[in-house]
Every structure is written in structure tokens, then in C-alpha cells.
Amino acid sequence: MRERDLVIVGGGPAGMAAAISAHENGVKDILLLERDQYLGGILNQCVHTGFGIEYFKEVLTGPEYAERFVKKVRDIPSIEISLRSFVVRLSRDRVLTYLKPGILETIKAKAVIMATGCREKTREMVHIPGTRPAGIFSAGLAQKLINVEGLLPGKEVVVVGSGDIGLIMARRFTLEGAKVKAVIEIQAETRGLIRNVVQCVEDFDIPLYFNHKISRIYGSDRVEKVHVVRVDKDHNEISGSGFDITCDTVLLSVGLIPENELIEMAGAELDRKTNSPVSDGLNKTSIPGIFACGNSFKVYDIADSVTRDSELAGKLAAEYIRGL
Amino acid sequence: MKTKNIICIECPQGCLLSVDHENCKVLNIRGAKCPKGTAYAITEMEDPVRILTSAVLSEAGALKMAPVRTNKPIPKKDLFRAMDEIKKIRLKVPVRPGDVIDADFLGLGVKLISTRGTTS
Ligand SMILES: Cc1cc2nc3c(=O)[nH]c(=O)nc-3n(C[C@H](O)[C@H](O)[C@H](O)COP(=O)(O)OP(=O)(O)OC[C@H]3O[C@@H](n4cnc5c(N)ncnc54)[C@H](O)[C@@H]3O)c2cc1C
Numbered sequence: 000m001r002e003r004d005l006v007i008v009g010g011g012p013a014g015m016a017a018a019i020s021a022h023e024n025g026v027k028d029i030l031l032l033e034r035d036q037y038l039g040g041i042l043n044q045c046v047h048t049g050f051g052i053e054y055f056k057e058v059l060t061g062p063e064y065a066e067r068f069v070k071k072v073r074d075i076p077s078i079e080i081s082l083r084s085f086v087v088r089l090s091r092d093r094v095l096t097y098l099k100p101g102i103l104e105t106i107k108a109k110a111v112i113m114a115t116g117c118r119e120k121t122r123e124m125v126h127i128p129g130t131r132p133a134g135i136f137s138a139g140l141a142q143k144l145i146n147v148e149g150l151l152p153g154k155e156v157v158v159v160g161s162g163d164i165g166l167i168m169a170r171r172f173t174l175e176g177a178k179v180k181a182v183i184e185i186q187a188e189t190r191g192l193i194r195n196v197v198q199c200v201e202d203f204d205i206p207l208y209f210n211h212k213i214s215r216i217y218g219s220d221r222v223e224k225v226h227v228v229r230v231d232k233d234h235n236e237i238s239g240s241g242f243d244i245t246c247d248t249v250l251l252s253v254g255l256i257p258e259n260e261l262i263e264m265a266g267a268e269l270d271r272k273t274n275s276p277v278s279d280g281l282n283k284t285s286i287p288g289i290f291a292c293g294n295s296f297k298v299y300d301i302a303d304s305v306t307r308d309s310e311l312a313g314k315l316a317a318e319y320i321r322g323l
Numbered sequence: 000m001k002t003k004n005i006i007c008i009e010c011p012q013g014c015l016l017s018v019d020h021e022n023c024k025v026l027n028i029r030g031a032k033c034p035k036g037t038a039y040a041i042t043e044m045e046d047p048v049r050i051l052t053s054a055v056l057s058e059a060g061a062l063k064m065a066p067v068r069t070n071k072p073i074p075k076k077d078l079f080r081a082m083d084e085i086k087k088i089r090l091k092v093p094v095r096p097g098d099v100i101d102a103d104f105l106g107l108g109v110k111l112i113s114t115r116g117t118t119s
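First to last, the protein sequences are chains A and B.
Oh and the first sequence: position 293 is 292 in numbering that gives the first Met the number 0, straight run, nothing missing.
Oh and the second sequence: position 114 is 113 in numbering that gives the first Met the number 0, straight run, nothing missing.
The shape of chain A in the complex, shown without the other chains (with noise of 0.2 Å):
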């Protein structure tokens, strides 16, 4: 079984400002793996502005954030970047076993930093009655339909929860022709960045619903409608309050989960409300040598921020591999 320094799990902001930071800080052997056939991670689709501003003091979209860490990644020798290696195992002695196309590999590494990012909530997961038609969609899957795979993949659209993509892919879907027929959060105020409430839902007139929620999706082999009614503070809700909107779509954008799977398997002991891993300290896990960054340590709003917490990451580790 190979040996090696450093092994990140993921390609995003957060492996790759990881990357960099563990070179920054001595470490000569790192292997970057990444599923995808790019890095990048979630930016790749984000292809609207707001990002960088933090970092770079500059506006720009989410490939061309990435795409500056890209280069960077590329330039230093010592990290070595395998693209489509899915990483399915690893064990609390930091072995790592990973699909290649047409093979499998076993590497012990010195230390880990796992940056897989997060996945999207699920209707499953907020319970909205009715019935399973097809045009039921989480935000990000439309975002990387329409921005990556150049589908719209509906007409009339209603968005569940006001969090930063949906308002995102309200604007998109409102640009590409579609009508977004309502934007419906249950809590009263917006999840996401008031800049995103004005840039992408006032700016085009679209309806945003605070204290309701759909009650239940009709349809059979396609959305046909939603029932939305009024709720209270506790989220209940309110008869008679009661209305329809007819649709073709419904898009789900009510919050991230932390991907956590791996670190479980190993051992590590998680959060099961939040799904983070139980933490002392910002990119530390509860094994040893095993440290977790960007959306998979916690869900962030902002990427800047993630590239700025990671490169700690990249720091931990480095200090790991020198103190063993």
C-alpha cells in the first residue's frame, strides 16, 4: 500500500485553499482527489457574480474564483491533483480506498483534510404532502441543469424557502424565460442575503411569501399546482388562509447538509442535528490527523469564507505530519 503525506478529499474552494496552504506550510507530498472531472466543486455552476469580494476585492463569478485557485494548485509540484478518484472508504488509521476509471487504490496517508462540501436538503426532509410527479427539483440540480448541462427544466415555477440559491435560480429561471410564479418562505424574514432579495426577486417583480408555506404538491406525471397557505409563529397553519398556484415546477431551496459520510465511516463522531463533525476547534475532527474544511466541516454562506477557514486546515495538518 502506498504511503503518502497528505491526502485531501474533495476539489472544491475548500480542498484546494487546503492544498495550497498545506505546500505554504512544508508539506512536499500532497494527493488532491476530486470525483468530478474538473475542480472547482459547487462554483463550476454558480456561474452568477458575488464572489471574491472578500478575498480578491473584486467582483466575480464562481468559475473565475475557482479558476484562480486552479492555477495556483496546478503551479506547485508537490500537489499532485487525481481527477475522477471517488473516494468511497476510509478508516480511523487514515486508509483511503478510491475508484479511478477501471481501477480501484489504497493509500495510507500521514494526515487527512476532507472537503466534500455538503448536499442539498430534501422534500422528504421538510415533509411537504401530496403527490411524487415529476418537476420536483432541489435548487442546485436546477442550477447545474440550466448553467452546466444548458436544460431548463421547467416553464412555471414555484421556489420553496428564500436561502441564497433559490433566490439565485429564481432570477436565472425569470432569464431564461420562465415565469417564477412565487418565492414561499415560512419564516419572516429571508434566509439568504438581503442583496440576493432585491437583485433577484424585486428586480423582476416576483411575489416573495414570508410566513407560508405549501401545504401539499398536486399532479400526476408533472407538477400541475401547489397549495400554499398562511402560518403562524410556530409554523402552523392558519384555516382559510389557503390558495393555489398553478405550476409546472416546484424548486426546493431549504438548506445544506454537511457530507459527512466518510468520517463517520472512520469513526468520527458528528453533530446529528447540524451533521458537523464534533469539534474542539475550526477544521478539526475527533480522530487525530483527521481534519474536515469548507462546507463539509460547516455550512457557509459565503465561499471567500471558506477559502479563508480552509487554508487553517492546510495549516493543522502540516503541523500533524511535522509533530509525528
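There is no bait here: all hints are sound.
Covered stretches of chain A, going by a simulated chain B footprint (3 or more residues, C-beta under 8 Å):
1. 36 to 49
2. 166 to 177
3. 195 to 206
It should be emphasised that the hints constitute simulated quantities derived from the structure, not laboratory data.
We put the CB at the ideal spot given by N, CA and C, even for glycine.
We have chain A; now place chain B with the ligand onto it with these hints.
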């Protein structure tokens, strides 16, 4: 004189700006934590502009879609006209990030540029 409250969209802070104005002219701005906010309030009241981002079909290279942006903000009222134009574009050669796709987009004096390379 009237006062309008607007939210600055220049950065994630989202400052609430109070803008005193008369006959489409800005007289005074309160609440801006930086000079960008002041500039934003003036254009927002006089002729609102936005950077447009989207993606165009690429018939060359490894990616199906090439993400694009305008290098400068364009008038908000031109956004849909700009989208109509973007939908007509077919890239016949691979692009690198920053490549100019249209040097005078819609005759507005702004460039449409690629934001991601389409080769692997
Ligand atoms: C759909 C969506 C849209 C977002 N939009 C914005 C936005 O507009 N603006 C903003 O500031 N933030 C946005 N965010 C937040 C964004 O996730 C962070 O800003 C940042 O991209 C997180 O970086 P990361 O490196 O932690 O995760 P990611 O960018 O998700 O990168 C994780 C990487 O790990 C790889 N990976 C995962 N598991 C494995 C495995 N087992 N083996 C190998 N590789 C693996 C993935 O393929 C991916 O490339 C969005 C998040 C999501 C989910």
C-alpha cells in the same frame, strides 16, 4: 423632496441607504458604509444597472455550456434583450476564461466575456 430607502447590492453586507431625491436627482445619501454605496445609490436612482451573467451554447471544446458575463453593468431595462441575444450565440471554437465573445454587446459599449475555459 422625497426619501427612498434602498438596499445596496454591491457586497454581501447589504447596507440600507436612505436617499433624498427630487426630480430624479439625488440630493443626499445616508447609511452607506463605503463609497461604493454612494455610487450605487446614484445610479440606482438615475439609471439602474446590473452585471448580466448567463451561459452560451458551445459547439466546440469539452463543455456544452460556456458561462459568460458582461464585463461592466448594463442598464436593467436591457436585461431581457440581452438574454435574447445570448440565446442566439453558438461558440464554434473553444474559449479560455476572459476571452471576448462579443466586443460591443448590444451596441452598449460593454464586452460579453467567457468566465470559464471550455477545454478540459
Ligand atoms: C447548489 C449550491 C449553490 C451554491 N451557491 C453559492 C453561491 O452562489 N455563492 C456562494 O458564495 N456560495 C454558494 N454555495 C455555497 C458553496 O458551497 C460554498 O461557497 C463553497 O463552494 C463550498 O466549498 P467546498 O469546497 O466546501 O464544497 P464544494 O464546492 O461542494 O466542493 C466539494 C468537492 O468535493 C468533491 N467530493 C465530494 N465527495 C467526494 C468523494 N467521496 N470523493 C472525491 N471527491 C468528493 C465534490 O465533487 C466537490 O468537487 C452554494 C452551495 C451549493 C450546494
